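Using the hints provided, position chain B relative to the given structure of chain A.
These protein sequence lines map, in sequence, to chains A and B.
The numbering used here numbers the first residue of the first sequence as 1 and each following residue consecutively.
The numbering used here numbers the first residue of the second sequence as 1001 and each following residue consecutively.
Derived from the structure by calculation, the hints contain no laboratory data.
Predicted model, so just to flag it, every value in this text is computed and none were measured.
Any given hint could be a false lead.
Claimed, not checked - Just so you have them, the derived chain A footprint on chain B, three or more residues with Cβ under 8 Å:
hint	region
1	1039–1050
2	1083–1096
3	1100–1111
Note that beta-carbon positions come from the ideal geometry of N, C-alpha and C, so glycine has one too.
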Amino acid sequence: SQKIEQNSEALNIQEGKTATLTCNYTNYSPAYLQWYRQDPGRGPVFLLLIRENEKEKRKERLKVTFDTTLKQSLFHITASQPADSATYLCALVGNAGNMLTFGGGTRLMVKP
Amino acid sequence: NAGVTQTPKFQVLKTGQSMTLQCAQDMNHNSMYWYRQDPGMGLRLIYYSASEGTTDKGEVPNGYNVSRLNKREFSLRLESAAPSQTSVYFCASTSGQSSYEQYFGPGTRLTVT
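Just chain A, same shape as in the assembly (with noise of 0.2 Å):
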């Protein structure tokens, strides 16, 4: 069955610094890949996505690659702000693009 990972434990960075996001993912050939952005008590915003023939994107301080032979996305968030802690999803979509399958997400806190 398909699986999508994400580290389940928290990231700590300190402000300033590179957070690195992983999501790796089985038994799936998705068409794109998207980062999604939750708070607390809210629905996820989403971010970015990246297309499989595509090896990297970037969005200001967001840089998201694609690797479809390690079957693995990287996400970073470049110059870390206390502002940026949050829980951060990825999600693959397939080539019918109405469906996403979303991993359990990584909480990632900068602390100042």
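Chain B in isolation, oriented as in the chain A frame:
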């Protein structure tokens, strides 16, 4: 432009009671979704509606029913609530174009005792 709205925000039910969770979007999106989120389990798809007039089962549909009332509204019904349905429920919608970005509502926290 309110985006995706959900009612109620909180609900406590006794086992066996029924209730309907309401969801509406004002973005003219074709597709709408219902997820549940449990600690450590991520978001799991319950039902979705690719377009007005159609509904399909997701990963965990048992114990739920849905109605796509019109393009704006997509409701989720629990006919006979069970403690295993204690969760946070999120509704989402997407235009289905390019990025397939989903827009989520604020969630309904449901407790079944």
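Hints versus structure:
By the rule of at least three residues with a Cβ nearer than 8 Å to a Cβ of chain A, the coverage given for the region 1039–1050 of chain B holds, with 8 such residues. Using a Cβ-Cβ cut-off of 8 Å, 4 residues of the region 1083–1096 of chain B lie near chain A, which meets the minimum of three, so the contact claim holds. By the rule of at least three residues with a Cβ nearer than 8 Å to a Cβ of chain A, the coverage given for the region 1100–1111 of chain B holds, with 8 such residues.
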